[in-house]
Amino acid sequence: MTAQNPARQKSLASHLPRAIIYLILIAFAVFYLLPVYVLLITGMKGYTEVSLHSMWDLPRAFAFDSFAKAWFGSPAEGFRGLGDNFWNSIQLAIPATIFSAMLGSMNGYVLSKWKFKGSNTLFMLLLFGMFIPYQSILIPLVLLVQKMGLYGTIPGLIFVHTVYGIPITTLIFRNYYATVPSELIEAAGMDGAGILGIYWHIMFPLSLPGFVVVMIWQFQSVWNDFLFGVIITSRPAVQPITVALNNLAGSYIVEWNVQMAGSLLAALPTMLIFIFLGRYFMRGLLAGSLKG
Amino acid sequence: MSMAQASIAAPRKSKGWLKTDRLLAFVLIAPSVIAIAVFVYGFIGFTTFASFTKWDALLPDFSLVGWRNYEKLFDTTRFQIDLGNTVVFTILFLIACLMLGFMLAVLLDQRIRFEGLFRSVFLFPLAISYIVTGVVWRWLLNPGSVQLGSTGVNLLFEKVGLDFLKNGWYTDPNIGIKAVVIAATWQMSGYVMAMYLAGMRGISEDLREAARVDGATEVQVYRHIILPLLQPITLGAVIILGHMSLKIFDLVVSMTGPGPGFSSDVPAFFMWDTTFRGNNFAQGAGIATILLISVAVLIVPYLIYSTHTEAEV
Numbered sequence: 001m002t003a004q005n006p007a008r009q010k011s012l013a014s015h016l017p018r019a020i021i022y023l024i025l026i027a028f029a030v031f032y033l034l035p036v037y038v039l040l041i042t043g044m045k046g047y048t049e050v051s052l053h054s055m056w057d058l059p060r061a062f063a064f065d066s067f068a069k070a071w072f073g074s075p076a077e078g079f080r081g082l083g084d085n086f087w088n089s090i091q092l093a094i095p096a097t098i099f100s101a102m103l104g105s106m107n108g109y110v111l112s113k114w115k116f117k118g119s120n121t122l123f124m125l126l127l128f129g130m131f132i133p134y135q136s137i138l139i140p141l142v143l144l145v146q147k148m149g150l151y152g153t154i155p156g157l158i159f160v161h162t163v164y165g166i167p168i169t170t171l172i173f174r175n176y177y178a179t180v181p182s183e184l185i186e187a188a189g190m191d192g193a194g195i196l197g198i199y200w201h202i203m204f205p206l207s208l209p210g211f212v213v214v215m216i217w218q219f220q221s222v223w224n225d226f227l228f229g230v231i232i233t234s235r236p237a238v239q240p241i242t243v244a245l246n247n248l249a250g251s252y253i254v255e256w257n258v259q260m261a262g263s264l265l266a267a268l269p270t271m272l273i274f275i276f277l278g279r280y281f282m283r284g285l286l287a288g289s290l291k292g
Numbered sequence: 293m294s295m296a297q298a299s300i301a302a303p304r305k306s307k308g309w310l311k312t313d314r315l316l317a318f319v320l321i322a323p324s325v326i327a328i329a330v331f332v333y334g335f336i337g338f339t340t341f342a343s344f345t346k347w348d349a350l351l352p353d354f355s356l357v358g359w360r361n362y363e364k365l366f367d368t369t370r371f372q373i374d375l376g377n378t379v380v381f382t383i384l385f386l387i388a389c390l391m392l393g394f395m396l397a398v399l400l401d402q403r404i405r406f407e408g409l410f411r412s413v414f415l416f417p418l419a420i421s422y423i424v425t426g427v428v429w430r431w432l433l434n435p436g437s438v439q440l441g442s443t444g445v446n447l448l449f450e451k452v453g454l455d456f457l458k459n460g461w462y463t464d465p466n467i468g469i470k471a472v473v474i475a476a477t478w479q480m481s482g483y484v485m486a487m488y489l490a491g492m493r494g495i496s497e498d499l500r501e502a503a504r505v506d507g508a509t510e511v512q513v514y515r516h517i518i519l520p521l522l523q524p525i526t527l528g529a530v531i532i533l534g535h536m537s538l539k540i541f542d543l544v545v546s547m548t549g550p551g552p553g554f555s556s557d558v559p560a561f562f563m564w565d566t567t568f569r570g571n572n573f574a575q576g577a578g579i580a581t582i583l584l585i586s587v588a589v590l591i592v593p594y595l596i597y598s599t600h601t602e603a604e605v
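Just so you know, the protein sequences line up as chains A and B, in that order. Note that the first sequence covers residues 1 to 292 in the working numbering. Note that the second sequence covers residues 293 to 605 in the working numbering.
There may be inaccurate statements among the hints.
[Unchecked claim] To be clear about the criterion: a stretch of chain A counts as covered by chain B if any three or more of its residues have a C-beta under 8 angstroms from a C-beta of chain B, and this derived list gives those stretches:
id : segment
1  : 125–138
2  : 257–263
3  : 276–283
[Stated by the list, open to error] DSS-like mimics (lysine-lysine), calculated; alpha carbons at most 30 angstroms apart, straight line:
id : chain 1 : residue 1 : chain 2 : residue 2
4  : B       : Lys-364   : B       : Lys-451
5  : A       : Lys-115   : B       : Lys-311
6  : B       : Lys-451   : B       : Lys-470
7  : B       : Lys-311   : A       : Lys-117
8  : A       : Lys-147   : B       : Lys-346
[Unchecked claim] Here chain B is said to cover these stretches of chain A; the calculated rule only asks that three of the stretch's residues, wherever they fall, bring their Cβ under 8 angstroms from a Cβ of chain B:
id : segment
9  : 50–59
10 : 114–121
11 : 146–159
12 : 210–216
Hints in this document: simulated from the structure, not taken from any laboratory. Every residue, glycine too, gets a C-beta built ideally from N, C-alpha and C.
In isolation and in its complexed conformation, chain A is listed as follows (with noise of 0.2 angstroms):
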């Protein structure tokens, strides 16, 4: 018994600290959730059982009535369903993200295996567009949308996050296609491949991974977008989801127990990829750190 004294407090020396980094870390998970928290129990909490003394309070009973209020709206009470607005925000990221995913990857290509005198600088000056203040371009955006009649359609919203993605999609692929290895494209190059031969043999084959990075990244931040969205599109009808939440959520009428509802099927999309392509998530995000 004694002998095993020293023993046991060793481990229990070495085992009282790794207690406490438990504790920490299970309180902060606990911060972390505290949102998410709310927004479950109360989307599934009935009408009649929300109120603000008991917020914190599990639901006595499964009920989806903010869910559909959220989704469908209430013609009664004077307002729309967020379930038009999901489907503009999937018309309009969906496309958004191939197109800038597709230049991007033109890009890149270019700017990693075909450098040229200045391509360097070329680089540098396009990546200064993914962090400008988009208030400094708002102005001019508005008066071109309208000159091109995309004002206040999700094709006028495509359009312009196709070309706000182009920084952060060119700086993804450029630094993926550093990996691939040069001597594949010199013997191509050797066979009589040419820059496009050669791009859409070998690179753009390769290129999958990439393309997944490039598209779970662009995909979220032009779901998540708000700015261009209140910007552009100034009908309900056509907004995109943040857009439309924002407005459900300033408004007095509504209860907010329907805002916790709408504001989980906002960020439902996003969430998912997350949960299912994690990994491609955290590649882009630290591609997005400029040192990927």
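Please build the complex by placing chain B on the supplied structure of chain A, with the hints as guidance.
Below, chain B alone, put in the same frame as chain A:
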């Protein structure tokens, strides 16, 4: 990379393909280059120009007025408050995110069980929109009212007997922008954690072991070995978070709006308000230009520095 270039160029030159391929390379990137030239640089030029004009109503009026819009702007109380709020927000947001992010990364670096789960929990706020964050935190930090009683975290504090922590949050002009910092930190600290954790995983175990053999405690290893080695990551995080905090907009819109006495107002919100609600385009352009300059001061040296170091490698 330059090796590869040379070896690609050599056979090509002899076959005389270089010119066509070179031309095609420009054709491939031309749409993007033109788009960025117009939509970023052209538009910035337009906005800067507009900030020196008399365009203060819906219809454009491009007669020049010199620095008048800027002088007016800096004389406006709201703008002065906004600048102060930006400074407070940036400092608190940076400190909170860096400290929290580093601490969480250190904790997760201890061969933790369920590391992946914890990591996902700390990271998921990044996947959702600032609008959603704002709507949710507006409720969590809603102080409630005398008639209705406490709500949100105040109610939570009441329930667990920590009444002294109850607060007016964003309805209290003294707190205002700091309430927004809480929500923003909730959203962005996981990003810093991920950056630091990725960096820590890149540091060889031998280095830590050597320090431990020399008698360094775990705390000293992180403080004197790992933190200095992660300096590029700290710099990257400061740049990313810093430029975000200068531009912060969505969160303010959905969480608080300008707040009582503009206590949670920021320049980006003021710009939007002035331009698209007030139709004072020249003044909006002025705010936008000041915002752009403040971001550029932070970003341009960093871009030059990072593309420069990359070229050397």
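task: Compare the distance between the alpha carbons of Lys-451 of chain B and Lys-470 of chain B with 30 angstroms, and conclude whether the hinted pair is satisfied.
output: 24 angstroms, holds
message: Three residues or more, CB to CB closer than 8 angstroms: is that satisfied between the segment 146–159 of chain A and chain B?
response: That given contact is violated, which follows from only 0 residues of the segment 146–159 of chain A lying within Cβ reach (below 8 angstroms) of chain B.
field: Per-stretch coverage check for the segment 210–216 of chain A, three Cβ contacts closer than 8 angstroms to chain B
entry: With 0 residues closer than 8 angstroms to chain B, the segment 210–216 of chain A misses the three-residue bar; violated.
message: Is the coverage entry for the segment 257–263 of chain A by chain B consistent with the three-residue Cβ rule at 8 angstroms?
response: It holds, with 4 qualifying residues against the three required.
message: Quick check: do three or more residues in the segment 125–138 of chain A have a beta carbon closer than 8 angstroms to a beta carbon of chain B?
response: It holds, with 13 qualifying residues against the three required.
query: Are 3 or more residues of the segment 276–283 of chain A near chain B, judged by a Cβ distance of less than 8 angstroms?
result: Contact hint for the segment 276–283 of chain A vs chain B: holds, 3 residues under 8 angstroms.
message: Lys-115 of chain A and Lys-311 of chain B were given as a pair; does the straight-line alpha-carbon distance stay at or below 30 angstroms?
response: Roughly 14 angstroms between the alpha carbons, so the hint for Lys-115 of chain A and Lys-311 of chain B holds.
field: Distance restraint between Lys-147 of chain A and Lys-346 of chain B, which requires alpha-carbon spacing of 30 angstroms or less
entry: Distance of about 22 angstroms is within 30 angstroms: holds.
query: Would the pair Lys-364 of chain B and Lys-451 of chain B pass a check requiring their Cα atoms to be no farther apart than 30 angstroms?
result: Violated: Lys-364 of chain B and Lys-451 of chain B sit about 49 angstroms apart, past 30 angstroms.
- prompt: Is the straight-line distance between the alpha-carbon of Lys-311 of chain B and that of Lys-117 of chain A 30 angstroms or less?
  reply: 14 angstroms, holds
- request: With a C-beta cutoff of 8 angstroms, work out whether three or more residues of the segment 114–121 of chain A approach chain B closely enough for the coverage to hold.
  value: With 4 residues in contact (Cβ-Cβ under 8 angstroms with chain B), the coverage given for the segment 114–121 of chain A holds.
message: Please check whether the segment 50–59 of chain A has three or more residues whose CB lies within less than 8 angstroms of a CB on chain B.
response: holds (count 4)
When the structure is compared with the earlier hints, violations turn up for hints 4, 11, 12 and for no others.
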